[in-house]
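Undergrad: Sequence:
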Amino acid sequence: MAIELDQTSRDTVNRFVIKCVVAIVISLFARSNYLLSAARCFQLYALLMGLIAALTRQRYSAHSFNHWSEALWLAFISAGLQVLSHPTA
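FYI, the numbering for the sequence shown is 1 to 89, going by this note's numbering.
Derived from the structure by calculation, the hints contain no laboratory data. Treat the hints loosely; a few may be bogus.
Said to hold, decoys possible - Estimated spans, in silico, between C-beta atoms of each pair:
| # | residue 1 | residue 2 | range |
| --- | --- | --- | --- |
| 1 | 56 | 28 | 29 to 35 Å |
| 2 | 82 | 22 | 15 to 21 Å |
| 3 | 8 | 87 | 36 to 42 Å |
| 4 | 13 | 36 | 21 to 27 Å |
| 5 | 61 | 1 | 18 to 24 Å |
| 6 | 64 | 32 | 33 to 39 Å |
| 7 | 63 | 15 | 14 to 20 Å |
| 8 | 79 | 18 | 16 to 22 Å |
| 9 | 59 | 2 | 25 to 31 Å |
| 10 | 86 | 57 | 33 to 39 Å |
| 11 | 80 | 2 | 27 to 33 Å |
Since we're looking at a predicted model, the values are computed, not measured. From the three backbone atoms N, C-alpha and C, an ideal C-beta is built for every residue, glycine too.
Model the full structure from these sequences, guided by the hints.
TA: The following block contains the structure:
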């Protein structure tokens, strides 16, 4: 069974994918730890999406993806990359 997304959800997923690609490309040019640089890019994007969601007074929706959803996804990836970027003791 295929999942049907509304236009807002499709736009959100497309923006998310573009941000992922851009963050990875930007981190390729970093002189420091690749994973940490990517995590910081994702973190910045998450903050910007949260700011946009707050300024446009969006609410988190259970029926559709929006900027809040995107901010949470980006923050989750950022946190995961930060954990992976630290060597174990």
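Undergrad: Are there hints from earlier that the structure breaks, and if so, what are their numbers?
TA: The structure breaks none of the hints.
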